[in-house]
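K.L.:
The residues making up each chain are set out below.
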Amino acid sequence: MADLSIDMCGIKSPNPFWLASGPPTNSGEQVMRAFDAGWGGAVWKTLGDPIVNVSSRLGAVDYYGAKIMGLNNIELITDRPLEANFKEIYAVKKRYPGHAVVASLMVESKEEWREIVKRSEDAGADGLELNFGCPHGMCERGMGSSVGQEPKVLAEITSWVKEYASIPVLVKLTPNVGDILDPGVAAVEGGADGLSLINTVKSIIGVNLDNLVPLPAVGGESTQGGYCGPAVKPIAMHMLGALARDTRVTVPISGIGGISDWRDATEFLALGATSVQVCTAVMHGGYRIVEDMLDGLNFYLDDKGLSSVNELVGLAVPKFKEWGELDLNYNVIARIDAETCIGCQLCYVACLDGAHQCIHTNQGPCQAYHGKPDHGANPRTEVMPPEHHTAGNGAPVQVPFVDEDECIGCNLCSLVCPVPGCITMEQVPTTAGKESWNDRVARGLA
Amino acid sequence: MTAEKSGWKQLSADRMETQFADAKPAYSDSEAAIEAHRCLFCYDAPCIKACPTGIDIPAFIKKIATGNIRGSARTIFEANMLGASTARVCPVDVLCVGACVYNDLNHQPIQIGRLQRYATRRALEMENSHGWRLFTPKPGNGKKVALIGAGPASLACAAYLALEGVTPVIYEKDDLPGGLNITGVAPYKLHMEGAIAEVEWLLSHGADLRTGVEIGKDIRFEQLVEDYDAVFLGAGLGSDQLLGIPGEDGPGVWGATTLIREIKNRAGFSLPSAVKSAVVIGGGNTALDIARELAMLGVAEVKILYRRTTREMPGYCHELEGAARYGVTLVENLTPVEVVREGDRVKAMRVTSTKSGETEDYPCDWVVIAIGQETHAGRLYSGIKVDGKGRVIVDEKTRQTGNPNVYAGGDCINGGKEVVNAAVDGREAAFAMLRSWGTAAGPYNRIPGQRQ
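Quick note, the sequences are listed as chains V and A, same order.
The opening residue of the first sequence carries number 1 in this note's numbering; numbering runs sequentially from there.
The opening residue of the second sequence carries number 447 in this note's numbering; numbering runs sequentially from there.
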């Protein structure tokens, strides 16, 4: 088995799986149960001046019957006394000295920052995470994402904290910005020892169509919340990758955003995360989900011949390029396996209506115009005839076929196909060497 | 007599069919949503092609998934006015469900019948509770159509006509409208209450029902042809055919449809406790139905005796399996030769083997004959041509008989098929009539899923 232990800018934990700051890390009792379940670290529910929360607080988007594709919340930072939180941090660290406990912090004035940093260190926290990301409730008070959206303010507050702190300082970024590099670089310049991202995306999760009140409803009204869960994972990964490949970002990154299982986590690690943080998936399935994460990551590392999770970190980053660097001479086309095709024709209609009209059935001539005037009137002779086989009930299966000359290799058909492995995208052999748009520009061709 | 005066809506609870529970219980909202979400939403879907009425099945299922119950029900009814009952009585395993692409992927196919039942039931409940109608009939256009028989074919035809402003008048010789949906459908699929609710809904679009009127006796057929702009013949089939063997006449021998009707409709009917065993003669779905019903009602030993093998039988494999679950057995290659009696009482069914020629007695208390029903249309309606099997000959597309003003559909043209076949016959005849009058029909003649 591979070594899963990590050291993230001095914060050590037995594995890269941390609980993100949120309801699952609201109390010492919870964090201890999480550590017992296998979590390597926990970022405490954000500490600050205790607030008053509203009811209700959460809303979700379900997708095709699957629950919680995305979750949003309008809950604020801890509503428990700071004293209780620090006592519990102390108790957790005493019982789990090898696990990572990171105190998430959010206060306003320099003096408040000085005091809360000191109290966190006294309680035994392994690190601090500055919450510059919360996009609801706190930002209106000049905290959270209102800091994360102002690189100069962010850098200044970071430098205050660094002035007082002797333990590592992570800056948690908000995705509610035009370019994540601005706050990311500002945090590094402010002295941050590490970054964590993303916090939630500003959102309205839905509208109750019976009474036309946005969700989640607080009486007959609502407000914007923070969106998280599986739906935000691609957004998070882009921001992670953008920071990871930027040479100005010299500090480790803790990846957050829609991570639900070991596959998600492994993708984040490959895109440059040293640790990963999970919240929504635990809110949905409980702390127990970490068991599969540990197993799955371990087996993956074994399969890849990696002896430590640290060897995995960033392996995908060099392959994350600007569009202008991609090879314009690389081509793939779709192939439909007639044997496994079930005849649903989802590829056909997707290509017909939503792509480039390159998949056909034998239901009649294709009327699509491909820029080649003969196409509609005179179906091309090199188009393969459809192959048929019969379904379980003996009915013939209508297998669509690809006009390979016309296929532009967009992937859409293979994405909609419900049969695993039925539609594959296959590389078209070419003698042309790699040529990118940037190459063309350099050669004066574009 | 009008429908209200005939009293057909008052049902006695004391009917044997009430002892049968629903074989496929109605979906709850969440069950329907979960199942609807499973649908792949195939394009040009095989299930549509497998449906005789061509309902745009992926479309109505998608609408269930989004909570668009009204739209879902409209999609169903536009193609099949009997969408509520066919959802429950259709042999979906050999039609839409059997064609579902999930079969080919070794997944459980989408339960299309149950989803259709959900959408139609919920929409009609909402019509009642919300006060709107799914369909608004067009103003009257002065055309009148007589329909003979108040079974599924005529009811479907009448409903489409009523929506187009035509006045349909349905003549039914029995007291009850509904045809086989009332009298014949297996009670674990549909009870009278459900069938009658559907009839009421169909009639509510503006059809006139006259029960207890027999064409050919009370009114001459020719008179109808003369009085109406068109006539639709949905007369179904006649009484059970008999075997013509010794011992057949007398107590303890039943025609299958007669016995099913007693079980389903007759107040106070019950099986005599002395009936411990029964033999059913036949290999069609009616034979399988009555055998299963008797077994479910507690007849300890029910045997189907069939003159050929299960490979050749017209009854559906899934219905045979359904009957077998209740202990029904089927014996192949037997020809009935005599109902053996002891005094008045049935003692056994005597058969000979088509293989060995040997004669054997199957002891039983009842014999049920399920070898088909008489065709009577050629006899009853002058000028109507029938084929060698007594089925009314019609144009494949328009359902016109030799007389262009007389249309026909349902069992009287196909010799006994499904409710869904009757429903599409009624629809096609209605649309053909409208076309013949140059009436702009629609949107009900837009068959979803087909390119116009």
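Because the hints were derived from the structure by calculation, they are not lab data.
Here the structure is a predicted model, which means the values were calculated and not measured.
Hints may contain errors.
[Claimed, not checked] Sample of chain A residues with no beta-carbon within 10 Å of chain V, all distances over it, derived: (1) Ala511; (2) Trp578; (3) Asn849; (4) Asn860.
[As the list claims (entries may be wrong)] Facing chain V, a subset of chain A residues (Cβ under 10 Å, in silico): (5) His483; (6) Lys495; (7) Gly544; (8) Ala545; (9) Val547; (10) Asn549; (11) Leu551; (12) Lys589; (13) Trp700; (14) Tyr808.
All residues carry an ideal CB built from backbone N, CA and C; glycine is no exception.
K.L.:
For a quick check of understanding: which of the numbered hints are violated here, in increasing order?
P.N.:
1, 12, 13, 14
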